[in-house]
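J.: As given, the protein sequences belong to chains A and B, one line each in that order. Heads up: the first sequence begins at 1 in full-length UniProt numbering, then just goes up one per residue. Heads up: the second sequence begins at 1 in full-length UniProt numbering, then just goes up one per residue.
Don't read these hints as lab results, they were simulated from the structure. Glycine is no exception: its CB is placed at the ideal position from the N, C-alpha and C atoms. Treat the hints with care, as some may be off.
As the list claims (entries may be wrong) - Distance condition first, Cα-Cα at most 27 Å in a straight line; then the derived BS3-like pairs of lysine-lysine: (1) K34(B) <-> K159(B); (2) K235(A) <-> K89(B); (3) K89(B) <-> K159(B); (4) K34(B) <-> K89(B); (5) K235(A) <-> K34(B).
To be verified - Computed far set for chain A versus chain B, every beta-carbon distance over 10 Å: (6) A43; (7) A61; (8) G71; (9) G234.
Unchecked claim - To give an idea of the interface, some chain B residues facing chain A are shown, with a C-beta separation under 7 Å as derived from the structure: (10) E124; (11) S127; (12) T129; (13) T138; (14) L143; (15) A146; (16) L186; (17) R187; (18) L188.
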Amino acid sequence: MRRRISYPLVALGMIASSLAVPSPAQAHGYVSNPPSRQALCAAGTVRDCGPIQFEPQSVEAPKGSQRCDGGVAQWSVLSDESRNWPARNVGNSVTFTWVMTARHRTADWQYFIDGTRIATFDGGNAQPDATVSHTIDLGRFPGRQRLLAVWNIGDTPMAFYNCVDLNVGGGGAVPTTRPTTAPPTTAPPVTPTTAPPAAPTTAPPVAGPPPPVAGDSWAAGVSYRTGDVVTYQGKRFQCRQGHTSINSWEPSIFTLALWLPL
Amino acid sequence: MIVALLAPLLLGACGTPAAPESPSTSGTAVAEIKAAQDYNDTDVMFLQMFVHHQRQGLQMTAAAVGRAQDPELRTLAEAVRATEQDELKMIEGWLRGWGKPTEVDTAPNLHADHGGLPGTGPAEIESLTTVADAEFDTAFLSLFLAHQHNAMELANLVKDGGRNADTMAFGERVRASRQGEIQQMLRLMSK
């Protein structure tokens with residue numbers, strides 16, 4: 001599959017009418033909240049997902065699939081029920097929010113539970129709005145559910161697939177739950193018919209990043225405030241813009257906006 | 001048609017003189033970081049597309065600095081804005097140093113072949129100024145997640161086809177930083 005890029009090549013002084021760049025995957029959209037399985041991989045909440053962590057928007061396959069991976073071998077981790085996907089506790093009314101890296105003409109959005117379509121939102125074969133959210137009443141489906149959300153494109157045979165693990169009626173207040181025991185590796189997670197109302201299984205590590213220790217070595221995943229001092233590669237730096245640190249934001253010539261050499 | 005095609009070339013040729021070539025890492029300003037002179041068309045295309053992308057991103061983070069409801073999100077937007085302002089100055093300097101225009105006439109579009117508008121356009125950015133306060137964080141996160149996913153896709157261009165060591169190293173930093181930002185944003189989105 002090759003992707004063509006529309007680009008004013010005159011700026012490069014090139015004669016060709018367009019430039020084709022090989023691309024390993026298409027990339028266009030996914031459900032970000034409640035988090036789809038690919039969103040959990042991209043967030044680092046579920047680890048060792050393989051390349052989907054870099055491109056959660058890429059689960060594209062021909063229309064009509066009922067699989068979390070759309071039937072694409074490259075994304076098969078998304079259909080691996082042994083991965084112990086954490087289910088989000090939600091109330092009966094659930095709003096699904098999409099991230100779209102390209103605004104394709106949309107036939108419709110469809111939502112399924114156990115192969116049954118439970119909601120359809122017409123896209124009018126138009127380009128979607130900046131933010132796409134759909135609210136669905138899931139009151140008829142209490143307990144643990146694996147919901148399939150599908151974005152059907154209007155002008156191609158393709159669709160985008162997302163599985164979202166939910167604990168319906170489990171209360172919308174608790175952000176996420178993780179089962180305390182691993183599910184059997186051969187069978188899908190057991191679905192309780194009623195949600196245990198006050199039994200959030202385990203609190204996930206959603207607490208904010210740890211505060212730094214003064215003069216400590218720089219580390220990723222730390223919440224630094226303006227004025228904090230770190231050491232990095234034997235030198236001292238002072239934080240000049242509060243942030244939670246990530247790889248490539250370590251003190252360097254390229255991050256002077258964040259770190260002032262002392 | 002030919003005149004229209006030539007005009008940008010002429011503008012480019014008559015543009016800002018090339019900056020001094022001596023490498024400088026004095027540590028005082030990112031704008032002083034120079035790129036080596038060994039580059040190819042993909043390096044130039046990537047940087048030009050990225051200039052356009054960064055200018056959009058700065059509009060979006062500026063909106064978030066002013067309107068984000070979640071203080072954590074506001075802090076993230078401030079940090080992203082600060083780092084991306086420096087990135088923009090640096091890569092514009094590289095293009096000028098190579099005698100290349102920093103402007104492109106048409107918004108670059110990775111999805112033109114299959115009917116897709118890019119994730120971020122003027123209408124989407126404008127929506128960040130009109131959306132209700134209560135809906136701002138979700139709207140911003142939806143748009144900026146897409147924007148940073150697209151930044152990672154753009155960086156793949158130079159990873160696969162670039163030649164200039166500085167541009168390729170910049171592409172790697174883009175991939176790493178945007179992935180980290182996406183992780184933070186996805187957690188904020190669903191907290």
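J.: Which of the listed hints are broken here?
T.: 6, 12, 18
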